[in-house]
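Participant: Sequence:
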Amino acid sequence: MAEKKKEDLMEKIVSLAKRRGFVFQSSEIYGGLSSCWDYGPMGIELKRNVKNAWWDYMILKRDDVEGIDCSILMAPQVWVASGHLKNFTDPLVDCKECKKRWRQDKLEDQSKCPECGGGLTEARNFNLMFKTFMGPLEDAGAIVYMRPETAQGMFVNFKNVVNSSRQKPPFGIGQIGKSFRNEITPGNFVFRTREFEQMEMEFFVPPEEDEKWYEYWKNQRLQWYHIYGIRPDNLRLREHDKSELAHYAKACADVEFMYPWGWDELEGIANRTDFDLKTHQEHSGKDLTYFDDQTKERYLPFVIEPAAGADRATLAFLLDAYDEEVKENGETRVVLHFHPKLAPVKVAVFPLMKKDGLDEIAKKIATDLKEDFTTFYDQSGAIGRRYARQDEIGTPFCLTIDYDTKEDNAVTLRHRDSMEQKRVKIEDLTRVLKEEIKNWKR
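Residue numbers (my numbering): 1 to 442.
Treat the hints loosely; a few may be bogus.
Pairs of lysine-lysine residues, derived as DSBU-like cross-links and limited to a Cα-Cα distance of at most 30 Å, are as follows [claimed, not checked]:
1. Lys250 <-> Lys86
2. Lys178 <-> Lys341
3. Lys159 <-> Lys296
4. Lys51 <-> Lys168
Bear in mind the hints are in silico, worked out from the structure with no lab data behind them.
Based on the provided sequences and hints, a complete structural model is requested.
Facilitator: Below, the structure written as structure tokens:
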């Protein structure tokens, strides 16, 4: 029964996402393109807020991390040095009967097709990088790759950032950007897609300090999800076994989220040692060591990498926020309990009636609030229906302008989570809303 409820949750999230403008199937009018998704008006605001929250926490509020924005296309030698051309592969098998393709390492029974039970071909390695051509000729000399991760851009720019920012280890370089992986078996909505957005940071440390900073960033990244409202019992840190580690990693842990299909990766934190700087130094012939003018030591820094997916984080916040509350009259109230800083709309403004000047007062309030908050104006339908629409997109505060507003110069502020209502003077609205957002707790 519990498994059925989890499946129902995913179906409800996908339905709500389309109905309320969070996520649409890409190229839907042409039948859709597998594992590609478009973010609608509400979805792009939610995802943008997730990315802004990460950037604020990881870059803006720290003195030891610098931001960067690297090109999606890079010199092919980057992917030779990083090992992606040789090692970035999945074992692919084909069903001899129905011809469907599968990742061998994801099959419980690696001898038969999970779809039809047919026999499987021998496994062959399939490189996950998208290949394209630069320039007018489509020949071997024009091959370039769509980056499969944002990390390499930060490694090859290590010296540029050090020289221009005057940072010294321990310090980090962070960026948010698109990556592309030609996944064999994408799925679970926006969890695993071929085009996705990453929020990654490479933290360069003296080699002898790697374990200390690895523990530090594991705790910092878990705490970030707590701060923005994900319930602690839906999160855990899982340390990788040695058999799971990538060839470059000394240690790795996943922040895992309880998705409808069970525990799965939300973010990875890895101790990459000095592998990346060392291999780029060897292949490029450029000196990527750091010289400490205080200790007079020269060394290749170790790297601690917290790597999160913006799409996975957006899905996790959406799933965790979803709730169904049965009201006293037996009706079900669907509500998204987003942290106010993540909510696509912060405040909705409703005139009780579209007459007697109430709509003009409401429009003026909405216009003024837009200076500080993402604001939505709605004057159609009963107030209860307007509340319900905002609950479904996670708007934390609704303001109703009624006939008393003309007398007391105040409006009714309604809270999404508690549904409590109180009167607030119009001139105090910005201050009160900022305080409510600052003091919000799940």
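Participant: Each hint should be assessed against the structure and marked as holding or not.
Facilitator: A quick look at each hint next to the structure:
1. As the CA atoms of Lys250 and Lys86 are separated by approximately 20 Å, the hinted pair is consistent with the 30 Å bound.
2. Between Lys178 and Lys341 the alpha-carbon distance is near 23 Å, which keeps this suggested pair within the 30 Å criterion.
3. The straight-line distance between the Cα atoms of Lys159 and Lys296 is roughly 18 Å, inside the 30 Å bound, and the hint therefore holds.
4. Restraint check: the Cα-Cα separation between Lys51 and Lys168 comes to about 26 Å, which is no more than 30 Å; the hinted pair holds.
Of the numbered hints listed earlier, not one is contradicted by the structure.
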